[in-house]
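A.B. asks: Spelled out, the chains give:
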Amino acid sequence: MFRRILVANRGEIAARVLRACRSLGIRTVAVHSTADAASPHLKLADRTVCIGPAPAARSYLDMDAVLQAAEQTECQAVHPGYGFLAENALFAARCEAQHLTFIGPTPRMIRLMGDKVEARRTMRAAGIPVIPGSEGALADAAEAARAAAGVGYPVFLKAAAGGGGKGMRRCDDETALGRGFEEASAEARAAFGDGTLYLEKAILGGRHVEFQVLCDAWGAGVHLAERECSVQRHHQKLLEEAPSPAVTPAVREAMGARVAAAASGLGYRSAGTMEFLLDGEGRLHFMEMNTRLQVEHPVTEEITGIDLVAEQIRIAAGERLSVPPGGVRIDGHAVECRINAEDPDQDFRPSPGTITRWAMPPGARIETHAQEGYTVPPHYDSLLAKVVVKGPDRASAFAAMAEALEATAIEGIRTTLPLHRRLVRHPAILSGRYDVGLLDAPLPAAGPARARPSGRRAGRG
Amino acid sequence: MAKVILEPIGSPLRQALDPAAAAAAREAMGRLNAGLRSQRAEVRAGWGPEYARRVREKGRLTTWERIERLRDPGTDVLPIGTLVNHGLTFGEKRLTSPAAGVITAFVRVAGRLAVVIANDNTVASGSWWPMTPEKIQRAQEIALRLRVPVVYLVDCSGLFLPEQGRTFPGRAGAGAIFRMNALLSDAGVPQVAGVLGDCIAGGGYMPIISDVVYMTEQAYMVIAGGALIKGGKGQTITSLEIGGPDVHVHLSACADRRVPDDAACIDGIRAELGRLPGSAADYYRRGASAEPPRFPPSEIDAFFPADHRMAYDVKQVIARLFDSSLFWEVLPDTGREMVCGVARIGGLYAGVIANNQLLTGHPDQEQARRAGGILYREGIAKVSAFSRACNDDGLPIVWLQDISGFDIGVEAEKQGLLGFGSSLIYTNSTNTTPMITVLLRKASGAGYYALAGLPYAPVLQLSTPITRLAVMEGRTLAIGAYRTKLDESFEIIASSPQEEAAVRKGMADVEARITADMDPVAAARRMDTDEVVTMEELRAYIGTVVEAAYQAYGYRRVKNPRIWSLHDLKVLAG
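Residue numbers (our numbering), protein chains in the order written: chain A, 2 to 462; chain B, 3 to 576.
FYI, nobody ran anything at the bench for these hints, they're computed from the structure.
Small disclaimer: the values here were computed from a predicted structure and weren't measured.
Be aware that a few hints might be false.
Unchecked claim - Mimicking SDA-like on lysine to any residue, the simulated pairs with C-alpha atoms at most 20 Å apart in a straight line are:
no., chain 1, residue 1, chain 2, residue 2
1, B, K5, A, L101
2, B, K5, A, T102
3, B, K5, A, G137
4, B, K5, A, T74
5, B, K317, A, D65
6, B, K561, A, H100
7, B, K5, A, P353
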């Protein structure tokens with residue numbers, strides 16, 4: 002096992018990883034930008050290294066700075082968290098070259114799954130059903146039109162290098178497709194430096210269901226059931242639960258076994274998530290694979306009792322999976338609410354500033370780096386805390402969450418807490434019958450959560 | 003610390019180059035690439051559809067169909083010597099000999115890289131033309147150097163007799179092919195032959211030394227065929243009766259297996275190669291995988307402006323050739339006119355030596371700037387040391403030449419560039435590690451030799467559509483030839499307009515002749531280069547040779563990176 006790990010992230014996920022390391026008896030190094038020099042999570046680390054100024058490009062995304070910090074502090078491994086360098090194949094390759102173990106999959110897997118066209122092809126070959134669409138990358142609008150005619154409108158154009166809705170267009174007919182192709186390609190080129198597009202049939206009113214897998218370096222792989230992430234606002238997840246109320250035990254076992262076999266068959270290593278769209282007829286269609294820890298991983302941990310971060314670390318150190326295939330038991334139901342430092346009444350505008358009151362509910366699992374007196378910097382993602390509760394069944398989990406949110410208080414800045422209090426009482430959510438279009442309509446009671454067209458930072462799930 | 007830390011190099015095209023300049027360069031190169039492709043297509047068609055039809059009528063496959071069946075599905079066939087004899091004619095009938103009547107190529111068969119030597123049965127029934135023996139021997143030499151198996155697909159009606167004086171005698175006469183057969187066998191390189199048609203005289207000898215010989219029902223191997231027997235002995239007998247599978251598989255044992263047709267023969271050969279030990283390449287990847295460069299090889303064209311005198315950043319080229327665009331530059335602060343370092347290609351380590359075209363500082367004179375693409379003392383010393391280290395460590399060396407020559411003048415002579423250059427020549431001549439030499443653009447004078455040009459026995463030498471291989475540029479030679487008629491700034495000094503016109507014309511003629519001679523296709527025709535490839539294709543060729551260098555194990559030194567002498571070099575450099 003490693004003696005010292007560098008955590009190449011910030012905020013709540015850095016705190017989460019630092020705690021996991023501590024529980025395994027591993028010493029830690031936390032890196033931070035000048036803007037995070039006072040972040041409370043740094044107290045969890047044995048050592049801290051300032052790697053640059055506030056802009057992420059010059060600190061958390063600066064590979065040279067992170068690699069140098071790891072070398073200087075004699076770390077054996079680096080945990081990238083999510084976002085920043087977590088799905089950067091070049092970073093993973095550079096870690097390998099430096100003999101610094103990257104806690105995650107191989108650079109090749111990161112690259113394959115990062116290219117959405119390649120990922121579709123790979124998964125289809127591995128026997129996972131994908132959304133009907135183009136064979137691969139589209140050469141031009143004419144090829145897109147042919148592919149669209151094949152699967153039927155409406156369709157989505159998507160960026161091969163994409164994520165977070167950038168370079169994505171819904172097209173309802175050929176005219177819209179012609180126009181959308183140029184726009185989406187230009188947008189993708191601007192956002193990712195690669196304008197390559199592919200096309201998928203638009204499955205409307207589907208649900209976002211994702212399977213968690215864990216694979217070791219020895220070819221063993223298991224699935225840890227699914228998470229339901231359909232409560233989204235413009236492709237940003239707000240509330241997640243596990244298991245999904247829309248997945249039956251039979252579907253779970255069948256698809257779970259397939260994703261685990263596909264991932265281990267591909268030589269995947271570490272934790273990963275396969276995102277699916279569940280259509281109205283109960284069919285699952287692969288969308289993409291995230292080659293990292295997800296923000297919403299705690300709901301899976303709650304229902305399986307497996308510490309995903311600790312597993313990632315053990316797998317990276319060459320240990321075999323501690324959970325035997327078929328050894329994962331689903332117990333109870335878990336819900337997570339993401340509390341962001343955003344003003345839901347002001348179009349979800351980021352709300353940085355100093356927290357004057359911070360009261361977290363007893364009994365709930367809280368994943369956060371914040372505390373009273375903490376100043377939320379304006380430079381980064383606005384995730385402040387994740388409130389996670391578990392109950393023996395779905396109804397009691399939501400009731401417990403409603404109670405927990407009432408006992409939560411954050412003052413000094415605006416947060417999405419009020420929105421979550423309404424969400425957990427939303428009849429559609431409570432009934433379990435909702436899809437990704439849920440928040441397209443105004444919420445019942447208290448002011449509507451208005452949709453905002455664009456301009457948000459690319460999301461992460 | 004004995005780590006090999008590769009660092010990212012290169013930048014996206016739109017940051018590296020002015021878009022207009024990049025577009026212009028790509029357009030100019032695009033025309034050259036298209037010209038090259040059409041010449042290749044012409045060669046590949048052999049003598050045309052009529053001859054392919056005749057082959058198929060006999061129930062045989064054409065040579066390219068055989069190769070297509072032989073290769074692993076989805077893998078590339080990388081031909082060597084495509085343009086040999088291109089544009090030449092032979093005999094009174096002025097016959098062409100596309101590809102010199104023999105296809106030689108790297109082909110992946112049953113997961114192993116092999117060198118395939120296949121007589122083109124759509125060109126004069128696979129006759130041997132002038133240069134055919136040399137081309138076959140070159141392919142055998144490549145296989146011998148890399149210890150990769152050789153597959154012969156023999157279908158050869160013998161020498162093209164009207165030109166026998168150019169193929170039979172001499173150092174590279176046809177008989178040297180059989181000597182190479184023997185040397186390959188002696189070195190333990192597997193050779194498998196399929197006899198698929200007429201194999202007369204030389205064609206009959208070629209398969210015999212192979213470890214395994216397959217014969218189809220239509221095939222025969224004879225020292226002399228039916229026609230000659232009738233002439234010499236007055237007997238009427240077919241060649242198939244003299245030397246078909248009945249005789250050679252069952253009586254003489256000159257062949258091993260009898261197969262009904264071409265398809266079965268090819269399948270049998272695939273099975274034979276599958277019985278060999280697998281490739282060691284994945285072992286030597288040390289857990290890495292083959293990763294594409296972060297910037298596509300298709301962008302390399304953009305870095306070479308139509309004007310061959312313009313400079314570019316060779317690291318941008320390296321970034322577009324090697325895995326993940328990662329590079330460890332060795333001795334970056336010494337002899338900056340040369341770039342030396344280590345990169346991976348197909349997941350395997352290789353040493354890279356390239357000419358830097360950009361202006362660099364002078365080691366002693368603070369203000370001075372020196373032109374790139376020239377060998378100065380420091381660069382030569384660095385390249386020698388690096389080349390020796392790669393040889394010590396078993397790293398294949400990739401040379402990326404764009405060289406105008408050695409520095410000249412008093413400083414150069416006083417520093418003893420002759421001596422430093424000779425040390426480099428000595429190093430490269432005695433290296434046993436596989437080298438692959440790419441003539442990116444200029445390959446001039448002694449610089450071409452010093453940086454492992456073809457006379458220094460690289461495993462493969464590649465030209466690009468803009469390669470300029472010559473002792474000196476045409477313009478330089480014209481100035482030299484008319485030196486007495488020119489002033490200090492190379493303007494013509496003439497007593498009359500007539501004289502000036504004569505000098506101008508004379509210089510233009512010299513320049514045009516040399517420039518025509520530098521045409522990479524002309525070099526390929528003469529086998530002065532192994533293949534002309536586009537910039538985009540370089541990665542596939544380099545990657546294949548590097549992989550082939552690691553395929554067989556136990557025949558050459560391959561050190562693990564912990565114990566590379568390159569680390570010593572780094573420490574000594576401080």
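A.B. asks: Does each hint hold? Answer for all of them.
C.D. replies: Status of each hint after checking the structure:
no., hint, verdict
1, K5(B) <-> L101(A), "11 Å, holds"
2, K5(B) <-> T102(A), "14 Å, holds"
3, K5(B) <-> G137(A), "39 Å, violated"
4, K5(B) <-> T74(A), "17 Å, holds"
5, K317(B) <-> D65(A), "19 Å, holds"
6, K561(B) <-> H100(A), "18 Å, holds"
7, K5(B) <-> P353(A), "43 Å, violated"
Hints 3, 7, counting from the list given before, are not met by this structure.
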